[in-house]
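Chemist: Chain by chain, the residues run as shown.
There are 2 protein chains.
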Amino acid sequence: MAIHGGAGTILKANMTDEKEMLYKNSLREALEEGWELIQQGKSATDAVVKAVEILENNPLFNAGKGSVFTNSGKHEMDASVMEGKYLNAGAVSSVSNIKNPVLLAKVIMDNSDFVYLSGKGAQEFADKHKLVFEKDEYFFDQFRYDQYSNALKNDKTMLDHTVIDESENDGDKEKKFGTVGAVALDKDGNLAAATSTGGLTNKKYGRVGDSPLIGSGTYANNKTCAVSCTGEGEYFIRAVCAYDVSALMEYGKLSLEDACEEIVNRKLVSLKGEGGLIAIDKNCNIAMPFNSKGMYRAFIKSGQKPEISIYRD
Amino acid sequence: MAIHGGAGTILKANMTDEKEMLYKNSLREALEEGWELIQQGKSATDAVVKAVEILENNPLFNAGKGSVFTNSGKHEMDASVMEGKYLNAGAVSSVSNIKNPVLLAKVIMDNSDFVYLSGKGAQEFADKHKLVFEKDEYFFDQFRYDQYSNALKNDKTMLDHTVIDESENDGDKEKKFGTVGAVALDKDGNLAAATSTGGLTNKKYGRVGDSPLIGSGTYANNKTCAVSCTGEGEYFIRAVCAYDVSALMEYGKLSLEDACEEIVNRKLVSLKGEGGLIAIDKNCNIAMPFNSKGMYRAFIKSGQKPEISIYRD
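These protein sequence lines map, in sequence, to chains A and B. Position one of the first sequence corresponds to residue 3 (our numbering), numbered consecutively onward. Position one of the second sequence corresponds to residue 3 (our numbering), numbered consecutively onward.
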């Protein structure tokens with residue numbers, strides 16, 4: 003099982019030891035709670051949804067509670083989940099006040115004829131299925147608000163999203179692609195993936211990124227692998243990234259590692275797209291490539307200790 | 003160049019000669035107007051957008067003016083466009099009152115840092131870029147309204163979308179997957195694809211299908227092919243259909259025809275998904291496979307006459 007908490011310009015120079023420990027402990031907690039379910043014989047789907055739920059509840063990450071502010075001062079969240087056995091999937095975009103968008107994606111997968119719901123309609127569906135709603139205050143975070151006010155002032159629509167030259171990186175510690183995700187293989191050989199995001203600080207026009215898009219931000223297929231992406235969503239959409247890892251394995255006969263390398267360090271780089279992904283295959287190989295400065299990430303395998311990383315090695 | 007006006011349970015038994023002629027003439031008009039641009043040396047993108055725009059303006063097809071009613075009696079439309087040279091793309095979902103959603107998708111592709119906009123935010127963007135808006139009355143059609151009232155009465159949420167046993171097909175002539183689309187190859191060797199839809203009659207919960215999703219409903223890549231899909235969107239999303247044709251060609255070394263056959267008549271059938279697609283490759287081969295009873299479709303090649311079909315041959 004592997005998880006991520008976003009990629010981007012994450013530099014050791016901008017991080018205190020205390021903050022680094024906070025991030026690492028948060029990743030460890032989410033990984034271990036998901037992993038616990040796998041060990042109990044629960045499904046990969048249950049495990050990835052649990053890990054993402056915990057990351058959504060943590061204000062450190064841009065998803066759920068920690069979601070950034072849109073241009074109009076709201077929180078609009080996206081999430082998706084897919085399981086590899088029957089290619090079932092659920093996705094949701096542009097929802098507000100839902101405590102855990104990943105749980106909504108799972109309920110859509112399990113209880114709807116549809117795969118992808120959005121906006122107010124998706125909230126009606128959530129209400130019908132008794133998902134937990136939270137008031138705006140739940141999602142309020144002073145740091146996020148300052149980030150938003152600053153972005154508004156400078157009209158930096160894509161603050162979290164722009165590749166910043168290091169020399170210009172004047173102490174803004176949050177230039178990262180805020181997304182969380184998880185992939186897992188369970189004891190029955192089933193693969194699953196889930197992704198959730200609060201989008202871009204100061205985003206406009208109902209922009210939707212790759213996180214809720216099956217094939218772009220999230221994909222799982224028992225024949226090949228499970229993938230969750232994080233990065234500049236527009237490039238991940240145009241490259242159909244998550245599914246492309248699977249297609250390279252299935253049709254191109256590449257290993258998981260080679261397929262991930264091809265997508266993240268060649269295809270995305272050729273499009274000038276920044277970010278990374280986590281992936282696990284049916285033989286429990288794990289890859290966590292990224293072409294940005296860092297990516298919050300962690301993984302665990304049976305009989306081994308969790309490994310948690312932030313920067314390049 | 004090829005176009006489609008949707009697939010589904012389209013039976014000759016339910017069609018009058020007059021109506022058949024109406025559909026065929028409408029397809030011919032859209033194809034010829036798009037083709038005219040190709041002959042003038044314009045881009046494949048211009049041609050597919052023009053053909054889809056004309057189909058959107060025709061009340062016979064479920065897109066633009068002819069869009070069906072949602073559960074709340076509104077029109078919510080989706081569209082996308084992609085060009086194969088640099089993998090540029092634009093997409094829009096859940097917009098109301100936009101005369102031509104495909105033009106909005108094109109403006110997003112050309113003038114936005116984003117790829118995919120949705121809902122009210124997308125409409126703000128459209129307003130800023132002076133897209134044409136129409137009042138609700140423009141989209142009103144008595145036939146569509148009767149279809150909606152009937153669906154509401156019977157709580158048939160997915161009327162247009164359900165696979166109906168022929169014996170139950172009691173004269174309802176509109177059990178089709180309402181989508182329009184176009185694919186083209188231009189004189190410079192560039193490929194493009196565009197898709198547009200008014201969604202499902204009586205749809206709820208802000209459901210989004212495959213039409214606005216790059217990789218699922220629309221894809222174009224000069225290395226391989228351009229694809230536009232029509233059918234039960236949920237299956238096309240889970241199978242990442244449009245991109246899968248391209249991946250089978252690029253990584254699996256299949257011909258366009260074999261790749262389309264694999265997707266439409268094996269992969270989709272194994273998921274029990276109904277529909278079809280149109281595709282063109284860089285060598286101007288054209289495929290228009292479908293696993294439903296019929297698909298409104300037409301194509302033309304240089305120096306040849308247009309060919310227009312509805313049913314299986």
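Check the hints yourself; a few may be wrong.
Part of the chain B face toward chain A, derived, beta carbon under 8 Å [unchecked claim]: (1) 87; (2) 89; (3) 119; (4) 120; (5) 133; (6) 135; (7) 191; (8) 192; (9) 217; (10) 218; (11) 239; (12) 250; (13) 296.
Simulated from the structure, these hints should not be mistaken for lab results. Glycine is no exception: its CB is placed at the ideal position from the N, C-alpha and C atoms.
Chemist: For a quick check of understanding: which of the numbered hints are violated here, in increasing order?
Modeler: 1, 5, 6, 7, 8 and 13
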